[in-house]
Amino acid sequence: MSSVPNLPAPSRRTAVRRGPSRRLPPSALRAPAADRSNALHAGAWWLWALGLATAASRTTNPLLLGLLVAVAGYVVAARRTDAPWARSYGAFVALGLAVIGIRLLFSVFLGSPVPGSHVLFTLPEVPLPDWARGVRIGGRVTAEQLLFALYDGGKLATLLICVGAANALASPARLLKSLPGALYEAGVAVVVAMTFAPNMVADVRRLRTARRLRGRPTGGVRAVLQIGLPVLEGALERSIAVAASMDARGYGRTAEVPRSVARLTTVLTLGGLLGVCAGSYALLAAEGAGYGLPVLCAGAVAALAGLWLGGRRSARSRYRPDRWGARAWLVAASGAAVAVVMIRAGVGDPEALRPGVVPPTAPTLPLWPAAGALLGLLPAVVAPAPASAPLPVPAPPPKPTPPSPSSSARAATGDAPEPKETTP
Amino acid sequence: MIRFEDVSVTYGDTAAPAISGVDLTVPEGELVLLVGPSGAGKSTLLGTVSGLVPHFTGGTLRGRVTVGGRDTRTHKPRQLADLVGTVGQDPLAHFVTDTVEDELAYGMESLGLAPDVMRRRVEETLDLLGLAELRDRPITTLSGGQRQRVAIGSVLTPHPRVLVLDEPTSALDPAAAEDVLAVLQRLVHDLGTTVLLAEHRLERVVQYADHVILLPGPGQAPVLGSPEQIMAVSPVFPPVVELGRLSGWEPLPLSVRNARRKAAELRERLADRAPAPSPAPAAGPSAPDHGTPVTGSAPETRRPSPAPVAPAAPAAPARSAPARPGFVRSAFARLLRRGTDTAPDQGRSAGTASSGPADASPPGGGPAHAPLASITGLTVRHGRTEALRRVSLTVAPGETVALMGRNGAGKSTLLGSLIGTVEPASGTVLVGGRAPHRTTPRELVRQVGLVPQEPRDLLYADTVAAECAAADNDAGAAPGSCRALVERLLPGPADTTHPRDLSEGQRLALALAVILTGRPPLLLLDEPTRGLDYAAKSRLVGILRSLAAAGHGTVLATHDVELASELADRVVILADGEIVADGPTSQVVVSSPAFAPQVAKVLAPQAWLTVAQVRTALSSDGGDRPA
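Just so you know, the sequences run in chain order U and P.
Per our numbering, the first sequence starts with residue 1, numbered consecutively.
Per our numbering, the second sequence starts with residue 425, numbered consecutively.
So that you can see chain U by itself, here it is in the shape it has in the complex (with noise of 0.2 angstroms):
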């Protein structure tokens, strides 16, 4: 994937960069190796991914869908990291297939709208009383309301797939560096409380450990029972220990605002929100259609307006935000690209986007949506590549100093008189 990959980092990254011209010219076309400075910048991510997320809300047809995760899969396996964010695609993927099959065990017991002939069993239906007419439990279960269910399914499996990969390929901190200043300590905030739950994770897995050690079986009910207690003290203990540490390195500090501004921004605010909110009822209640729209932006600008002089209160400043280069606007354009061929397609041809259920009907691939997903490949080659090797997981810093363990514990078996050496 990377070129010379037996170099450490950066001197890879100067062989893509000035070597082409002398000798590897094919290397200057490949994606450089990821780094800090280089690093693909998370909105890009995350619109791809939404391009993907909207032309897989567009169409139930298997085939595309597939493909449609086929594309996400691959992308991910080609540029993700090894960073902790980056597992959750698994999970992602094992709640997709989780979706299908929850959607499908509902199809068939509480039945489905769908008319069909192909009955492949039948179900005791319960009995409900008048009231619960619209309801049933139980009955036929057709082969036409399954592949509805598995369609519909697959859907929303796809969809949150797409937003695993985006999990997976944009660290959530770094995203909300993007964020406009005012809303950035809440996102702060926001992304501590996120981590609460891999930390309980983490948690949950050393006190099991713990409870075998006191030699009681380390599953079950009761397991979960008595440790359930001392993990939620534990991470309410570390959000406070966190708060505490935050306070003290500065979180909240903000700069002095002239009074009136402050005032202004408040003002803005709440006004803006209230006419976001009053615009948007009138827009949905028959009447108020006609100021509605009107009422809706001039709240909208004004609650901007609110958070760009809020800005001003916060004092922070921005440690090498991820910047959108020519690489961003390419896989950002992929993304929509795949959404913009996806509903197109939609438009020209419903038929093949949603193949027929009833009566059943084998999907067939469409050329051109199929063709408009492939460009959602186009990440893998133009983001930067993550380090081939994956890191190890708690290697020690090499240490120059001369009384490093290792050297004086050589010393050691050498001097001593006569400790054993363990022979491997």
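In short, the hints are calculated from the structure, not lab data.
Where a beta carbon is used, it is the ideal one built from N, C-alpha and C, also for glycine.
Heads up, a few of these hints could be off.
What the hints assert, rightly or not - Cβ pair distances, simulated, as ranges:
id, chain 1, residue 1, chain 2, residue 2, range
1, U, ARG323, P, GLU452, 57 to 65 angstroms
2, U, ALA300, P, PRO539, 29 to 37 angstroms
3, P, HIS806, U, TRP131, 55 to 63 angstroms
Position chain P relative to chain U; hints supplied.
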């Protein structure tokens, strides 16, 4: 720089203040060390400087603390953030972001520094702390020492004028601790930063301190003085000071170098003596024959340990069991396990003379002295990294083995493989004749017990009494045996105390008691002295020695060279998952600059390890020659 004016802090509804009568000034540009026994209020005093006490912790602060002219009562911690950098005891609780570089920048971002300044300082700090290799690493993948350095780096970048550190080196291996202290010293010398740090491991830091604040006990007024003055009266002191007090050196030396200069005469007096074996002379193997362990309050539950087959066998040959038969034995054991899972063990633990299960005892005529645990050719992988590579180790009854090595060298993994939480990729681990990871917890707890790095993990109940009752129940011991152990280890905690409210030392004692209730012949301890003061540590040493005398084998993973030299018969040094040294403590430790205890350094080339040895040697002298 920091002024305390008659400060006292009282938490909640407790009657007694945590600290009181604090009235002193920490001058600018000095490294001031805060010492005192556990629970004396060190962390509270540190907290008042950053404003976290009382703004975050609650409680009532009387008097006034000013830092650089700002009163902490009117300034919240965030308004002191540009002035004071704080690192607490647990670095993990300190981190806000998820990668090293972002973490270093976080404090500066909060202060609103310009991007180019931030970039420059991050690069400088990465170099200063040797973190450049780790800059893109997610923090959760770092080892303990690396985390500590990142935490210190993250408060260094805003260039605070005051740095407050709570036990910055206690989780670090000796070399990493030296690195951190070197950094602190450079900050003090080059940048004029004022550093206030609390630390239990005085042997590591006291020689760097300009002043020492001694907190003699909870609620007692602190004493500020020069390190020499304070060390002469302090209830906590490092071995070099103890040696100095023993020999009556004036002024008291604080560093090994100063002590060496004065020690010529002492070396001469000791020249014709041999150090008595410091760890309770390995009487272990002979003791358990009588069946009553020294700790015994519930001897009836004690299984016959697989040990006492050959009472007279001296410990030494058993320890250095030759490696070759080990291979044969492991192959044998593997074969045996295929067929009958735990047959050898059952044969042995039936307690009969070893003639019965001949195939289980080591072939090749080794001493018929079954090891409590034997590891042969063990390789462990975490994902794609090999945490341990072809490690072989045996632990004999009554033997204490110290595992040392830098952070991340595989010590905890090795302990984990003995307790069965880590599955070997290849090689065999046998504890009491069974493979730990295939033994049910209930069985295993009678063979081997581990006190984890965080003893709190072991404790679930909400009172000490309930915890003890649960432990008795878990181990099938007579009711009251755990409570009796607690009383013996560290008297004090009331039955109704919540385990969370115990001091570090008490909590460790409780966890140790919980584990020992099962009377496992093999006891594993992971970093047992973190957060313990010298008194608690010497109690721990006493306990572990009597356990060893009762035939318990002990393996402790530790960075504390003083503890290892005092306690261990044998030291095993791990580096990058391999054993690089394995031998008697006196030989391995004395010849290594990083792992030698202070006394050994002072009295080199003679092989003295502890002050107790020296004292014994001198008192057998007749004591007629006062120094």
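We went through each hint and held it up to the structure:
no.	hint	verdict
1	U:ARG323 / P:GLU452: 57 to 65 angstroms	violated (41 angstroms)
2	U:ALA300 / P:PRO539: 29 to 37 angstroms	holds (31 angstroms)
3	P:HIS806 / U:TRP131: 55 to 63 angstroms	holds (59 angstroms)
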